[in-house]
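S.K.: The residues making up each chain are set out below.
2 protein chains.
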Amino acid sequence: MKRTFVLFCLIAPLLAALATQGQQARWIWYPGDYDIWLSNKFQNRRTERGTFLPVFWKMDSHYVLMDFHKIIQLQQPEDLDIAVEGEYQVKLDGKLLEGKPDRVTIPAGKHKINIKVFSQATVPAIYVKGKTIVSDSSWLVTFEDKEWIDETGKASDVSATRWLQADFSSFADPDQLPSAYRLPVRPEFARTTQVNGNSRLVDFGKETFGFVVLHGLSGNGKLSIYYGESKEEALSEQRAETLDRLIVNLPGKRDSIMPLSKAFRYVNIVTDNNVSLDSVSMLFEYADIPDKGSFTCNDATINQIYDVAKYTLHLCSREFFIDGIKRDRWIWSGDAYQSNLMNYYLMNDNESVTRTLYALRGKDPVTSHINTIMDYTFYWFLGIYDYYLYTGDKHFMRQNYDRMKSLADYVLGRRNKDGLLAGLPGDWIFIDWAAGLSKEGEVSFEQLLFARSLEALSICADLVGDAEGAVRYKSLAADLKQKLFAIYWNDDKKALVHSRVHGRPTENVTRYANMFAIFFGYFSPEQQQAVKTSVLLNDRIPKITTPYMRFYELEALCAMGEQNYVLNEMKNYWGGMLKLGATSFWEEYDPSKKGVEHYAMYGRDFGKSLCHAWGASPIYLLGKYYLGVKPLTAGYATYVIEPVLGGLQWMQGKVPVPGGEIDLYVSTREVKVKAPFGQGTLRIRSKTKPSGIEVNAVAKAGNWYEIPVAPGRDYVVKYTAMP
Amino acid sequence: MKRTFVLFCLIAPLLAALATQGQQARWIWYPGDYDIWLSNKFQNRRTERGTFLPVFWKMDSHYVLMDFHKIIQLQQPEDLDIAVEGEYQVKLDGKLLEGKPDRVTIPAGKHKINIKVFSQATVPAIYVKGKTIVSDSSWLVTFEDKEWIDETGKASDVSATRWLQADFSSFADPDQLPSAYRLPVRPEFARTTQVNGNSRLVDFGKETFGFVVLHGLSGNGKLSIYYGESKEEALSEQRAETLDRLIVNLPGKRDSIMPLSKAFRYVNIVTDNNVSLDSVSMLFEYADIPDKGSFTCNDATINQIYDVAKYTLHLCSREFFIDGIKRDRWIWSGDAYQSNLMNYYLMNDNESVTRTLYALRGKDPVTSHINTIMDYTFYWFLGIYDYYLYTGDKHFMRQNYDRMKSLADYVLGRRNKDGLLAGLPGDWIFIDWAAGLSKEGEVSFEQLLFARSLEALSICADLVGDAEGAVRYKSLAADLKQKLFAIYWNDDKKALVHSRVHGRPTENVTRYANMFAIFFGYFSPEQQQAVKTSVLLNDRIPKITTPYMRFYELEALCAMGEQNYVLNEMKNYWGGMLKLGATSFWEEYDPSKKGVEHYAMYGRDFGKSLCHAWGASPIYLLGKYYLGVKPLTAGYATYVIEPVLGGLQWMQGKVPVPGGEIDLYVSTREVKVKAPFGQGTLRIRSKTKPSGIEVNAVAKAGNWYEIPVAPGRDYVVKYTAMP
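Line by line, the protein sequences are chains A and B. With the first letter of the first sequence counted as 1, position 320 gets the number 320 in UniProt numbering; the numbers rise by one all the way through. With the first letter of the second sequence counted as 1, position 26 gets the number 26 in UniProt numbering; the numbers rise by one all the way through.
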């Protein structure tokens, strides 16, 4: 518990710099293997009323046998210290060293070191540290070295072996095996306790997560703990979603820590007569990922929404980005896609993103969609692309390109004769939780996401140097996009219709494909404007009741400059949850519901999750569409700052970029900006020509001005906001 | 150590019968998963001079998350006792039961029980026992149940989920988790000990395998154990292939058992001055697989060869059929193929065969040939077919058909433009250990094995009801066979030539393709007779120096009725090893070598294995071509007994068949036979018409007679052998 990878994330850019100088040793492994292994452990922590509840899709595993190698060029002989998780052997220049050496001396000159590791239960991993040589991503790995020898002792030509670059982790302690990694905890105490006979209702004051601790437990008999995100849930012994049951047999007083961390605000502890306890506390379990982004403004409700969104996202950012902390505690691609985007505006923790993307993808052979959901396969492709855009990390693209291709092949193999995707047996067409939403036939939303995925894949093909793939995927994307409009665009309704059934487009219009097509830039300007009225602001189109799809709905409106409208929506919708006492944002919120109705879902009284990552989208909206910071090219090499107050008097905040944060203050008369990195463009609309020291405003049509932002300078821009 | 699966193999037919009545509970798992898991553990026990030495191909793993289910129809309510290896949940009729129940009551009527298990480090496995319901292969399994529920609580249609039958194991003790399985051991004692200063040479009298035990060890310092299959190896501290090094720090006397079992006849124990020990013994580790087959005859040398072959095969029959016990202790497809065949004439242990075949195949995706060797991929196909022929076990065919198809696809995808297989980078074309053997171009032997594999696959396709596949593979096989003769048959040389290089058949003739084509029945009768002279009995064709290929060479000769010649060859070749003091048969034997030269291989003085499964082929030859017992249809439903004395005065023995053994005595004047099962035909050549009670001899051309053999009867057939 003492050391966590989170600490290292803080100094990741520094580490990356050092690694290239060969100074910092890290635990390394085969691409994605630790992530997949950890996700297996992680995703099997869900319980429902005391019963283990695992996922319903294929769980993959690490390769159990791994060869690591590096070719070394040394001026001086060098001692390498070696730590390994697993059984291992070391070869120097192809010759086996006796036993399991933990220190090897490499002579001066050019040499090859191989470390081959077997580990069935945990991931084969190595840590090597010398004066100049360390384990990092310059090491190559393979799961089959094909290195046989003939009867004369001659080694085979193993040129056919496919060596990949190792994954370079944030684990830096040779004495701490990667499999021993745990999130840190800290004690937290109850706010209030109500004792009622043999029950004790403990309130921790807000949604939280961790291990319940029973102090001074003694006696002989049974004890049950009913967990509640709401008081009603904790008090419902028959309906509480999670619980613990203990058999107590303690003559003297003892403290007892529950073995599994859980989500709750309230716990209701019910004992037999012969069991007693003094008090209840908890160990709060958290991924200690620091915030780099921030947002404050003159509107207290928005500030509160932002703070609760932050808390919600942090609770759901654990070893991986998960959906919600009560259930499912699983890694869902659609949910993670949003967490990734919020992350870029708050923690900007790369490792959380890559770990989550590796875990989602798993390994070949592909036997179903990611999480079994067709749309979730596509969010994975989009998530890879976004990650590259926000971080510029080409290494991760290279590590994943083969996995992208084989997943795309799986999808391409499931198209029907018209080249469209309908749900085949075993495919879950999710889209959103919405009553009566049709999944029949070929749904426009899925074709749209697939087209976008193919575009993303084409860009990645380009990045890794697969020119043929780039052309192929681009052409597949263009073809599908053409079909999308030919089949689903309804010129009377001024909208993409929801689906095609039995070969015919339906008349049904929903928001999904239409709002995505806006921020994908798929519509013509005329179509886009038409869709705003005919769909987005049209009350006759079925309303969205999940924060999940509200994320995209509000993003589409923001992308069309409707920040004033969206600010009100945020205050009503997220503010609505706050008025109901929410201390974290929910999986679903339907303002028309009353009282305990809000807690029900999935046919269960307390089935709904009251802390769901997709509830935290204001973080993203406020960062991207109010502060207005967006990368234009990978890793913020170029970017735009396009602040929109949207009815606020002033706002200020930070947006993380590689190597620092963009610092911003915006009022109706002044913009202050400082950026650490990249070539920025501040775009503002002003009645007067913006001015200030080193402010070189270039006028554009419609009172727009563009001001170059160079790194490391403090800009104070005077301007006059348009109403 | 107390209970082993071997015990259960003894009563396998009985168990199978009981299982269908639902009486016997067994641990069950996903097809092949336990076999693959156990093989990982098993194959990572090779060391070389104290260094861990794993395989050089991909090791696969079990699925970590598994759903088991069964639909149950009960007249009366029934209690089921449940044991599980892993975390688990139980659902009854789709409803989760609280906690981890170890007993569940199923009401009368039709019900569905699901048990879902997660286990990362070991194989998810269950054991269920009720009065009528038990865990057996009627349970279905899947690694992805795709069972999501919608927001109203409605479960998804999971009809798309692919459910397979569980593998039904021989593990029957609910308290013994499958992962805890170990081979049994028994103490064995040294034959002689020679002490020489600080060294002590211990001779166990013959090749053996197990854990060395040091008795009365005390003192302070270092101790090394050098293992030797020969005395020279044990005494060579620098060259012995395996060793143990201990740091001793024992004030009083203690016994110490080495952690890893090893192969040896001699151990040479070398200590520092301050270390002493009283004596050395060992724990002999063995798979307790009883013999069902036997062979004795009037020739003492042949009897001794048979006994040493049996001992050799038993030493190499461990959790799996392996190549040799000193090294590699790995599962090699070509070696296992021969062990399988010998097994059918000695132990007839189905589980050893299926476990070995599963382990060899591993899982998809296929990224290389089995053991990286092209020929070894093909032996796997042939091994599957043979298993079916000898056992009639259709269940195993069904469990493996998909794996056969994807492996065939891998091979088909590697054909060149002429539809032939040449070695691509990473392919090992092995054939045999033979100096100067060309692997260049397209080798005829590989095309021949591939054609045979496709034929086997076509038969399996038929068996599992894939009519389309059956036609496809049959046509691919016919096409390749046609090419084989069109390209490689050389009418001048009366032989298949070795290879085609740069598009042209070479003039090089080797034995390999020619001898296989004989017992595959690929030659015309004229070709076959010609090949016997032009290749098999032609001293100018390079000789075979491994027992591995002698297996097939002698089989080919036997198949052409050359038993007299082969008997002499056996006495010279295997008898030759015995004369050199062999107590088990070797990996390679070249009679032209002298003294310690015999121990060298792979460029190492003691590289050769002196106990290699492929050395045990007389078991197979004597059973199949002298006793002459061969199945004609699957599982010995029909079979032939065609005894050939080959120069012996008399022979007697048993050949195992499903449910018993065929008992046979043959002299020049009498054949006695009793069979437990199936419809047999005794075929003998006789000067006089064979006679005896219930002996209905039907005369055939050339003094041949066929006598029907019904099950359960003792036949005594009087006849007059032809010279």
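One should not assume that every hint holds.
No copy is singled out in the list; a pair is fine if it fits within one copy or between any two copies.
[What the hints assert, rightly or not] Think about it this way: if two alpha-carbon atoms lie no more than 30 Å apart in a straight line, the pair counts; the simulated DSSO-like pairs of lysine-lysine are: (1) 58 x 231; (2) 154 x 41; (3) 112 x 439; (4) 110 x 58; (5) 718 x 483; (6) 394 x 58.
Simulated from the structure, these hints should not be mistaken for laboratory data.
S.K.: Determine for every hint whether it applies to the structure shown.
M.R.: Going through the hints against the structure:
For a Cα distance limit of 30 Å, the shortest separation of residue 58 from residue 231 qualifies neither inside one copy, at 36 Å, nor across copies, at 53 Å. In this homomeric assembly, residue 154 and residue 41 come within 30 Å of each other (Cα to Cα) only across copies, at 28 Å, whereas the closest approach inside a single copy is 43 Å. In the homo-oligomer, the alpha carbons of residue 112 and residue 439 lie at most 30 Å apart only across protomers (29 Å), although the nearest pairing inside one protomer, at 56 Å, exceeds that limit. Taking the shortest alpha-carbon separations for residue 110 and residue 58, only the inter-copy value of 29 Å comes in at or below 30 Å, while the best intra-copy value is 44 Å.
Taking identical chains as interchangeable, the C-alpha atoms of residue 718 and residue 483 are never at most 30 Å apart, the minima being 48 Å within one chain and 84 Å between chains. For a Cα distance limit of 30 Å, the shortest separation of residue 394 from residue 58 qualifies both inside one copy, at 28 Å, and across copies, at 27 Å.
Of the numbered hints given earlier, the model fails hints 1 and 5; all others are met.
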